[in-house]
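Enquirer: Each chain, written out:
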Amino acid sequence: MKIRWLSFFIALCIMLGGCSKSNDGGYLISDIDSSNNYLSTLKFYLPNRDIKKSDKAIYQEVEDGNVAVCFDIQAKPAMEQGVGRYWYPHILSTIVLAIDRDQTDIDITGWNDLWDAQVKISTNSNSIIRNMMVIGSISYGLNRKDPSKRDALELLEYLYQDGRFRQNDCDAAILICLDHEAVNFNRNGGDYEIVVPSEGTLSFRMGLLSDEPLTLKQGIDDALLSLGLPLVNGKRPLGFPDDYGSAYALKEYDLGWFFDITKDISRDLRRQVYHQRLYSTADLREHILSAIVTITVILLWKGTVSHRMIQQNLRRVVDVIVWLMVGWLLLRLFKYQLSENEILSRACWYGYYPFQLGLPLALYYLTVILDQKEDKKLPIKIMLLPFISYITSVSLVFTNDLHQLVFKFNPNGNWSDDYSYGPVYWMIIAISIIFLISAIMKMFYKGRKGSYWGGKIFPLLFCIALFAYIIAYACRVPLAWETDLTVFMCIASMLFFEVVLHTGLIPVNIQYQKLFKAAPIGLILLDKDGHTVLTSGDASYVSNSIWKRLLTDMDHPLLKDKDTLLHAVPIHGGMAVWQEDLSALNRIRQDIQDVQLRLKAVNSLLKEEEEVKKRLLIAETNQTLFEHLDRDMESRINALSDLIESIKDEEYSEDMVAYVTLCLCHTKRRCNLFFLAYQGEPLLKDELGIYLDELTELAHYAGLKMLIRCDQNGVLEIKKAALCYDFAFESICQALKDEASPLMGYLMNDGNDLMFRFLPVKSPEEWQYSEELLVTVSMLGGQISYKDLDDAIGICLIVPLGGEPCV
Amino acid sequence: MINFLSSHLEDCSSNNYFCFAIRCEVCGEYWYSSSIPFTKALFASEYSSKKELYEAIYQREKERAKMVAEKEAREHFSLCPICRRLVCDSCFMICDEMDMCKECAYRMEEYGESVVP
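Chains H and S, in that order, give the protein sequences.
For the first sequence, counting from 1, position 134 maps to 134 in the working numbering; every step adds exactly one.
Just remember that the working numbering sits 1000 ahead of the position in the second sequence, which is counted from 1.
Don't read these hints as lab results, they were simulated from the structure.
Here a beta-carbon is modelled for each residue, glycine too, at the ideal position from N, C-alpha and C.
Just so you know, not all the hints are guaranteed correct.
[Said to hold, decoys possible] Each pair of labels, with its calculated beta carbon distance range:
#, chain 1, residue 1, chain 2, residue 2, range
1, S, R1084, H, P507, 51 to 59 Å
2, S, D1089, H, Q511, 32 to 40 Å
3, H, K528, S, D1089, 21 to 29 Å
[Unchecked claim] Capping the alpha-carbon separation at 30 Å, the derived lysine-lysine pairs in BS3-like fashion look like this:
#, chain 1, residue 1, chain 2, residue 2
4, S, K1066, H, K548
5, S, K1102, S, K1071
6, H, K381, H, K335
7, H, K251, H, K235
8, H, K562, S, K1051
9, H, K235, H, K76
10, H, K251, H, K263
11, H, K263, H, K335
12, H, K668, H, K607
13, H, K517, H, K562
14, H, K377, S, K1066
15, S, K1062, H, K562
16, H, K562, S, K1102
17, H, K408, H, K53
18, H, K548, S, K1102
19, H, K528, S, K1066
20, H, K528, S, K1062
21, H, K145, H, K251
22, H, K600, H, K613
23, S, K1071, H, K562
24, S, K1051, S, K1062
25, S, K1066, H, K562
26, S, K1040, H, K528
27, H, K235, H, K217
28, H, K43, H, K76
29, H, K528, S, K1071
30, S, K1071, H, K548
31, H, K514, H, K449
32, H, K408, H, K335
33, H, K373, H, K446
34, H, K302, H, K517
35, H, K762, H, K787
36, H, K528, H, K514
Please build the complete structure, drawing on both the sequences and the hints.
Expert: Printed below as a string of structure tokens:
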């Protein structure tokens, strides 16, 4: 769509350009310095060619097949460049001083006399060629050996600053002109003394430059002489000075130094003589260069702004502003190449306005979207009125030729210089200013919360300066008027924008780079093509393959390497990739795995140690146990062994065997009790009763009739059970020894005591209990007592059931 | 080489696409193949009754995607002739005598340039 409109615009330009008068290659082209007499002569000798004032460069005219009247300093360089193959010189023009004797009678002989001549001095033309000829002649005159334009410029500067020199003023008392022009003044009633400067001056050949050979009739020299024109062969008619000895006709080899001293003459005259344009562009070359430099700077600036602005809609508007400025400058550059009075040139002039008027509109739009979210769509009506105003303004400018309401000029005249502004122009400018002021006001309003005081002051000062410049330019104040409005406006717009960006009225991301650099997290912003836009200091590069994978699936994080996990989230214009550092986690996991391995190893070692210790402990325990058992049973076994050994064969009886069995039974049960004691388990009283019944039964076999009644339930501490068992055994043994059958035994609880009583038929007072039993009774806090029961004496073991045993 | 690459490919596929990764044995960074969408992903999620059918198609497409990934990986990975490790182009050096991984090049004091600087 855009290309279609651009094509349409170019076609329109070409069409308008084609509206100019056609060139059939049959013209005789004259410029402002051509002699009328010479032209009239040529008209006669070149009857097929109409005379036409040049509206473009004569080189272009010659290329178009026309014949151009020019000087040798124009023709020779053109021929060197292949423009114009044929050069016909006819007139020898010399730069002279023409002194109007009606105004002054001072004596002037050469250039140096001008220093003190207190009269007005002027040239009679301000064309570039004429300026070159004058400066070249003065330079040659003031220093013939080594001509320098500095001498000429100093002379003219002195005269100008003294108020005596000007350009293109034919009323001046002294004219610096061509000799045949001065002669012509005299022929027309003037009274000019023609002075060939005694210090020296230059003569230039005037003639015809053509791309094709010309056939001129015979007698042209005579015709020229008759019209008062000097010939290239030195012949001059009456009225010319007699002595041209100081005049030097430039040869082809002189052109080098001549162009060296006369190049950039317009700029030098402006700056060194008139002291104008000291700080702005002074000639076409500088205009073009400044425009190119400005375009370059603007494009570079665009690059920096694009880099600083992350918000894409703002960036887009800035891009539009930049391209408006660049377009404006480029169009201006294009216009420099055109002749001023062409219609295409006028189209270019009108073409400035879409760019110029677009700038405030774009700025206004920027301020409208300034605080809007990036993806928010604005209602059309907000920009409808400004856009319609813009379109209307541009349309009015482009149709100016029809209504002349914007610019007033004569389309067939010198419209490029001679024009005025119509009412619509001021209306258009007022609309633009309204947009500009609205944009600035909006900007200030939206940035009112900013704490930086400079944020309001600097843009305001800048605006004031800008408006002051515009007013000064409109009033044609030299300082403003001499500047290039386009370049100035573009640079000013750029600077204004930069000030606004720096003061924070338009949010930019100037500090984002620093923020990202300083951020401890690994965060990368990638654009839609996977290029890194911003990256934090700790973030590592995201390769293309990873970016593609993230683009496919942002929901699932992926590993960049074993220590880096990448998470991605879509953002406007790309994605944000956050790098999670897994190195600490991996290290911890590795540590845990190491610890697990170590623990497993330690565990197996401990297990092995435990088993060894267990085996050792079992062995030790067994040893201790058996040592204790041996110690505990040793006396009994020994006593029993002694008893058995002491028994003689003849004493062998059933009772004795029963007694031995009783002893063995006691030893066996004591062993049981011993082990039970080590197990720490109590003994059921029923089981004790069984043990006691067993003793009773064996005692019966040994000849002791006895009965032990055990009426207890529950459990009994093993030591006390063993004590009761030992007490019962020893009591049975004593009863057997005393033949105290029958024997009654009774085991019962007596309050908090355990009471075990025996009632033998004989007095038990003589019974001897072993030392070991008595010690055990004492240790357990018990006692053995006798009780007199009138007809019998009982023996009683009393052991407290609770409490700590007495050590 | 293909078989060697195949053994190093790690499956990173999901239900919707196929993707494979290879880890450079020098720098440790993963390279991911271009994701290839599963053509029946939408149907597979909708028609659970044909789960077995879509599972078979999935496996068939996955095999194809793996072959494509292997070919693609071949453009980015090389086998170091010295240490026989699979290294990415950033870690693979073009040396005067023989191309090798940068660790081997450093060890043997061979000078060269990375395939991808």
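Enquirer: If a hint holds in the structure, say so; if it does not, say that too.
Expert: To see whether the hints hold, each was checked on the structure:
1. R1084/S with P507/H: 51 to 59 Å: Since R1084/S and P507/H have Cβ atoms about 56 Å apart, the given range 51 to 59 Å holds.
2. D1089/S with Q511/H: 32 to 40 Å: Once the Cβ atoms are compared, 37 Å apart, the range 32 to 40 Å for Q511/H and D1089/S holds.
3. K528/H with D1089/S: 21 to 29 Å: 25 Å Cβ-Cβ, so the 21 to 29 Å window holds.
4. K1066/S with K548/H: Between K1066/S and K548/H the Cα gap is close to 17 Å, so the pair holds against 30 Å.
5. K1102/S with K1071/S: holds, 23 Å
6. K381/H with K335/H: Outside the cut-off at roughly 37 Å; violated.
7. K251/H with K235/H: holds, 18 Å
8. K562/H with K1051/S: violated, 34 Å
9. K235/H with K76/H: holds, 23 Å
10. K251/H with K263/H: holds, 18 Å
11. K263/H with K335/H: holds, 23 Å
12. K668/H with K607/H: Given pair K668/H, K607/H is violated - Cα atoms ~37 Å apart, limit 30 Å.
13. K517/H with K562/H: holds, 24 Å
14. K377/H with K1066/S: Measuring from Cα to Cα gives roughly 44 Å; hence the hint is violated.
15. K1062/S with K562/H: Since the Cα atoms of K1062/S and K562/H sit roughly 25 Å apart, the hinted pair holds (cutoff 30 Å).
16. K562/H with K1102/S: holds, 20 Å
17. K408/H with K53/H: holds, 24 Å
18. K548/H with K1102/S: Cα-Cα ~27 Å, so holds.
19. K528/H with K1066/S: holds, 27 Å
20. K528/H with K1062/S: Judged against 30 Å, a Cα distance of about 28 Å means the pair holds.
21. K145/H with K251/H: With a Cα-Cα distance of about 15 Å, the restraint between K145/H and K251/H holds, given a limit of 30 Å.
22. K600/H with K613/H: Given that 30 Å is the threshold and the Cα spacing comes to 19 Å, the pair holds.
23. K1071/S with K562/H: Holds. K1071/S to K562/H sits at ~24 Å (cutoff 30 Å).
24. K1051/S with K1062/S: Holds, at roughly 16 Å.
25. K1066/S with K562/H: holds, 22 Å
26. K1040/S with K528/H: Judged against 30 Å, a Cα distance of about 28 Å means the pair holds.
27. K235/H with K217/H: holds, 19 Å
28. K43/H with K76/H: It holds: about 24 Å lies between the C-alpha atoms, which stays within 30 Å.
29. K528/H with K1071/S: Holds, at roughly 26 Å.
30. K1071/S with K548/H: It holds: about 17 Å lies between the C-alpha atoms, which stays within 30 Å.
31. K514/H with K449/H: Within the cut-off at roughly 24 Å; holds.
32. K408/H with K335/H: holds, 20 Å
33. K373/H with K446/H: holds, 14 Å
34. K302/H with K517/H: Roughly 23 Å separates the two Cα atoms, so the pair holds.
35. K762/H with K787/H: holds, 13 Å
36. K528/H with K514/H: holds, 23 Å
The structure fails to meet hints 6, 8, 12, 14 from the earlier list, while all remaining hints are met.
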